[in-house]
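A.B. asks: Chain A is already provided as a structure; the job is to place chains B, C and D on it using the hints.
Protein chains: 4
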Amino acid sequence: MSTASLLVSSRDRTGIVAALSDLIFRQNGNIIDADQHSEKVNGMFFMRLVWDLEHYALDAAGTENALRQLAANFDNQMQWRLWYAPPPPRLAVLCSKTPHCLYDLLLREQMGELEGEIALIVSNHQSLRVAAAHFNKPFFYVPITAATRAAAEAEQLRLLREWRIDTVVLARYMQILSPRFIAEFPAEIINIHHSFLPAFIGADPYRQAKERGVKIIGATAHYVTTELDQGAIIEQDVTRVTHRDSVEDLTRKGRDLERQVLSRALRAHLQHRVLVYQNRTMVFS
Amino acid sequence: MSTASLLVSSRDRTGIVAALSDLIFRQNGNIIDADQHSEKVNGMFFMRLVWDLEHYALDAAGTENALRQLAANFDNQMQWRLWYAPPPPRLAVLCSKTPHCLYDLLLREQMGELEGEIALIVSNHQSLRVAAAHFNKPFFYVPITAATRAAAEAEQLRLLREWRIDTVVLARYMQILSPRFIAEFPAEIINIHHSFLPAFIGADPYRQAKERGVKIIGATAHYVTTELDQGAIIEQDVTRVTHRDSVEDLTRKGRDLERQVLSRALRAHLQHRVLVYQNRTMVFS
Amino acid sequence: MSTASLLVSSRDRTGIVAALSDLIFRQNGNIIDADQHSEKVNGMFFMRLVWDLEHYALDAAGTENALRQLAANFDNQMQWRLWYAPPPPRLAVLCSKTPHCLYDLLLREQMGELEGEIALIVSNHQSLRVAAAHFNKPFFYVPITAATRAAAEAEQLRLLREWRIDTVVLARYMQILSPRFIAEFPAEIINIHHSFLPAFIGADPYRQAKERGVKIIGATAHYVTTELDQGAIIEQDVTRVTHRDSVEDLTRKGRDLERQVLSRALRAHLQHRVLVYQNRTMVFS
Amino acid sequence: MSTASLLVSSRDRTGIVAALSDLIFRQNGNIIDADQHSEKVNGMFFMRLVWDLEHYALDAAGTENALRQLAANFDNQMQWRLWYAPPPPRLAVLCSKTPHCLYDLLLREQMGELEGEIALIVSNHQSLRVAAAHFNKPFFYVPITAATRAAAEAEQLRLLREWRIDTVVLARYMQILSPRFIAEFPAEIINIHHSFLPAFIGADPYRQAKERGVKIIGATAHYVTTELDQGAIIEQDVTRVTHRDSVEDLTRKGRDLERQVLSRALRAHLQHRVLVYQNRTMVFS
Chain A
66 MSTASLLVSS
76 RDRTGIVAAL
86 SDLIFRQNGN
96 IIDADQHSEK
106 VNGMFFMRLV
116 WDLEHYALDA
126 AGTENALRQL
136 AANFDNQMQW
146 RLWYAPPPPR
156 LAVLCSKTPH
166 CLYDLLLREQ
176 MGELEGEIAL
186 IVSNHQSLRV
196 AAAHFNKPFF
206 YVPITAATRA
216 AAEAEQLRLL
226 REWRIDTVVL
236 ARYMQILSPR
246 FIAEFPAEII
256 NIHHSFLPAF
266 IGADPYRQAK
276 ERGVKIIGAT
286 AHYVTTELDQ
296 GAIIEQDVTR
306 VTHRDSVEDL
316 TRKGRDLERQ
326 VLSRALRAHL
336 QHRVLVYQNR
346 TMVFS
Chain B
66 MSTASLLVSS
76 RDRTGIVAAL
86 SDLIFRQNGN
96 IIDADQHSEK
106 VNGMFFMRLV
116 WDLEHYALDA
126 AGTENALRQL
136 AANFDNQMQW
146 RLWYAPPPPR
156 LAVLCSKTPH
166 CLYDLLLREQ
176 MGELEGEIAL
186 IVSNHQSLRV
196 AAAHFNKPFF
206 YVPITAATRA
216 AAEAEQLRLL
226 REWRIDTVVL
236 ARYMQILSPR
246 FIAEFPAEII
256 NIHHSFLPAF
266 IGADPYRQAK
276 ERGVKIIGAT
286 AHYVTTELDQ
296 GAIIEQDVTR
306 VTHRDSVEDL
316 TRKGRDLERQ
326 VLSRALRAHL
336 QHRVLVYQNR
346 TMVFS
Chain C
66 MSTASLLVSS
76 RDRTGIVAAL
86 SDLIFRQNGN
96 IIDADQHSEK
106 VNGMFFMRLV
116 WDLEHYALDA
126 AGTENALRQL
136 AANFDNQMQW
146 RLWYAPPPPR
156 LAVLCSKTPH
166 CLYDLLLREQ
176 MGELEGEIAL
186 IVSNHQSLRV
196 AAAHFNKPFF
206 YVPITAATRA
216 AAEAEQLRLL
226 REWRIDTVVL
236 ARYMQILSPR
246 FIAEFPAEII
256 NIHHSFLPAF
266 IGADPYRQAK
276 ERGVKIIGAT
286 AHYVTTELDQ
296 GAIIEQDVTR
306 VTHRDSVEDL
316 TRKGRDLERQ
326 VLSRALRAHL
336 QHRVLVYQNR
346 TMVFS
Chain D
66 MSTASLLVSS
76 RDRTGIVAAL
86 SDLIFRQNGN
96 IIDADQHSEK
106 VNGMFFMRLV
116 WDLEHYALDA
126 AGTENALRQL
136 AANFDNQMQW
146 RLWYAPPPPR
156 LAVLCSKTPH
166 CLYDLLLREQ
176 MGELEGEIAL
186 IVSNHQSLRV
196 AAAHFNKPFF
206 YVPITAATRA
216 AAEAEQLRLL
226 REWRIDTVVL
236 ARYMQILSPR
246 FIAEFPAEII
256 NIHHSFLPAF
266 IGADPYRQAK
276 ERGVKIIGAT
286 AHYVTTELDQ
296 GAIIEQDVTR
306 VTHRDSVEDL
316 TRKGRDLERQ
326 VLSRALRAHL
336 QHRVLVYQNR
346 TMVFS
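Protein chains in written order, with my numbering: chain A, 66 to 350; chain B, 66 to 350; chain C, 66 to 350; chain D, 66 to 350.
Source of the hints: derived by calculation from the structure; they are not laboratory data. These numbers were taken from a predicted model, which means no experiment stands behind them. Some hints here could point you the wrong way.
Identical copies carry no separate label here, and so any pair may be met within one copy or between two of them.
Think about it this way: if two alpha-carbon atoms lie no more than 30 Å apart in a straight line, the pair counts; the simulated DSS-like pairs of lysine-lysine are [unchecked claim]:
{"#": "1", "residue 1": "K318", "residue 2": "K105"}
{"#": "2", "residue 1": "K162", "residue 2": "K105"}
{"#": "3", "residue 1": "K105", "residue 2": "K202"}
{"#": "4", "residue 1": "K162", "residue 2": "K202"}
{"#": "5", "residue 1": "K202", "residue 2": "K318"}
{"#": "6", "residue 1": "K162", "residue 2": "K318"}
Bound conformation, chain A alone (with noise of 0.2 Å):
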């Protein structure tokens, strides 16, 4: 089935989701999603629509048209985000080393649950080539030193243009991202921190954990900033830890948070349920 999805924030005003389905409607499009929300603190309206294209009369630029046209009527006062008929969004996966988040998208792309495709797939060390030749990915190796840190990461991003990516999956890649990086994929960049955030941010959260004797563990999937664990979270989720837990037994334990937080804030992405408003996330179900 092909389909058109909408994401729409606005100030709250009355008749918004009346003049939204109508639209719609008047162009024979079936919703099959409709899904609202409002926050009284801030007077705002959010909205997530996807209707059935089959007999839909209007084109994406058609669509976006009326968008506009309705916006107008609304003192322009709404945004939106449309994707008509997307695309398998493509995704380039950074990694480093570690293994298991990579192995797990990987195979979650095989069984037909990852609502996009892994398009390539770069790392700086060589150790996960093997992974990807396994599942006939194109794997590229960038190194990264201090000295070249500028160099690699033009490359990278030469790299993500030229195969078309649109979002960029940081599955325990241990490299800080540039600004100038993060700008050019806004809200397409995720990130899995293998702590509870706000709790535990920067390096070695485990070790973190294991001092201050928490009695569970989490990890957070977020969108990157440019300030370090700041971005809006996406996804989390955490499980229970004892005393006799080391922090190899932590980092054990975290790698099953990681892959599945990981998976689910990729997947809602990927279906465009996720809407970004001040820094944080509206995932909608």
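C.D. replies: Chains B, C and D alone, transformed into the frame defined by chain A:
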């Protein structure tokens, strides 16, 4: 804010969302919550709509009338339930001797989180009269024996009618209700069963759980139907147990589950967020 | 059954388990619980032993004496704490206006699951006097202002001494205790903080959580130390939230966490299952 | 570090803990883990002991002999199982076509977290041969039809013997084993069932779950016995689902549970932390 809530089930047909939104919009209602669910396997469509009545032009009868016309336009395949500026639902709590669920509900009402009003408490024991008195609630003692069961139930029903009860909560009430009782409150009697249904139906589920050696126990809130523990499930939750936990420990841990699961189910029900279809619930968020 | 409980910390040395078990066995004590933990990273050994006193030959003083001799055999590297046929610990609950934690503790005591006795309730407000009265508990109103803080704390301490209090529970008590107060009850004051520590230290953690856009909120029970929210963590738990949850919703959902986390931590403490070492707890199961 | 592990079941008798600790201590063994559990309802005693063999004076046969003498002192009411400097257990993984559990186990072994060695993979389909090859594991294709079932099982058993297999893992292996097969590996065959047992025994549990309308689904790892899905449960876990989740969504979400529950159960088993008594497990931590 005075609102109307609408729950709709229908054969899925192009234009229903638009027609419903348009109906509300044309009467100047501002939609503050819209959530929709389509089931591909059976071609059904479900929706919840909530709108602000402040500037809305129709009264309850007018809205019902408009909905009937709308349904006619869709071949009368649509069922709905409308709550128009509903007063807080009036609850009766039926209990026996165990206090934890009753106290929990009374305290939640006092803290303003219940979304309904506990109008009366009926018990086949005197022991919880003090709890009722502490929270200034009418308490009726209706003893039940095998010989007096029918008369006792008649007295209970008389009380529920006299106090104009909308919803009946079985707060660890250890008696089985007759089909006649149940028929008077369709989808309005909520029970808390102390297992993760459908595991451990019937008596003494914590003992059953201990004997089977499960590693997790649960609790289930469901609508009461004439088949024991077979009604539509509204909410469930679980907690971990180990071999160290005796049946008494399971019972203690389970009490925490029972309170929370019952209150969450009740809250969803009282907010008119639960739609029952073919003995399954949709719980809109 | 009358029992003794022993918590031991020591440099790890061959023969300690055998020496401790042998000490108890030779005096005809039947060990009913033995749990041990060794930390490789710091070479420490921790153990909990519980034994039946029915046929046990030594009294408390004799056991302390035997432990001192045993410790001498291991170069006095061993610390321990012994509870010999301990009476139920006597608790003071300090609270302000919020009722849910206080009711929860009182009801748990009534249902026989508290493992301690709530001896008195102290509050800086009058509003929970009715709850205390309902459960027949002494209630003392000790108002606190900036000007009277020192005198108020002196009065609180006088009450705690007069009522021979072992353990102080801060049941959403919104005041900070002075170092002097804390020093009188080392590792015997338990606070419930309404966040997943170390995230959201300090005031208004639910608002902080909403602003950061976390997908999970938590609660943490910890021993009170002079550094705010930095004491050893005894228990934590979490629950999911979504973008739909307002700060009020987080507060409501959090109350369920607070009750459970506080009561589980308190139960572990009162059963002498919590051993503190370097600001981290071992909670034996 | 070379260690010995001992699991003991016995009628509860004063002095057993001391006798066991003393046996190890007198031979210069340093106990590094001791965990005990007494069941009041049946008067049974269970214990796990792990000790360092570095300075320990007895060999395996000598230790068995000492345990026999000790048992005689306690009226021969004691059963035990000893692993003395055990080599990593050798595993066979039986699978069909579904890849996720097999990849998960292979990757965990590669990351060093398995606590055993996957010695061979046996399947009734060819499709997972590539996964085995990628991880350099022997793969045997043993097709099964109704007509060849007995011969196929004989071939499987021959392979398991030839490769000196200790433990058999059914990684979503969709065939039922004969009693004869099961009898060769008592408490050494672990299955992952894709439901929260005892709910939804047998075929297609996710469909059953959807039809019953549960709000939580689960997975269960258990020892295989001759009664379908009735063996002792080792580990379980659950995840939330909603009315929006189709059977396919439950299947997808369930795969994450299956991986984790199977691997956690297997880890506990391979670390000799699981004691079975009357079809229930004690899983020592």
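A.B. asks: Does each hint fit the structure? Answer for all of them.
C.D. replies: Outcome of the hint check:
{"no.": "1", "hint": "K318 - K105", "in the structure": "between (39 Å within a copy, 19 Å between copies)"}
{"no.": "2", "hint": "K162 - K105", "in the structure": "between (46 Å within a copy, 27 Å between copies)"}
{"no.": "3", "hint": "K105 - K202", "in the structure": "neither (47 Å within a copy, 34 Å between copies)"}
{"no.": "4", "hint": "K162 - K202", "in the structure": "both (17 Å within a copy, 22 Å between copies)"}
{"no.": "5", "hint": "K202 - K318", "in the structure": "both (28 Å within a copy, 25 Å between copies)"}
{"no.": "6", "hint": "K162 - K318", "in the structure": "both (18 Å within a copy, 27 Å between copies)"}
Violation of the numbered hints given earlier is confined to hint 3; every other hint is satisfied by the structure.
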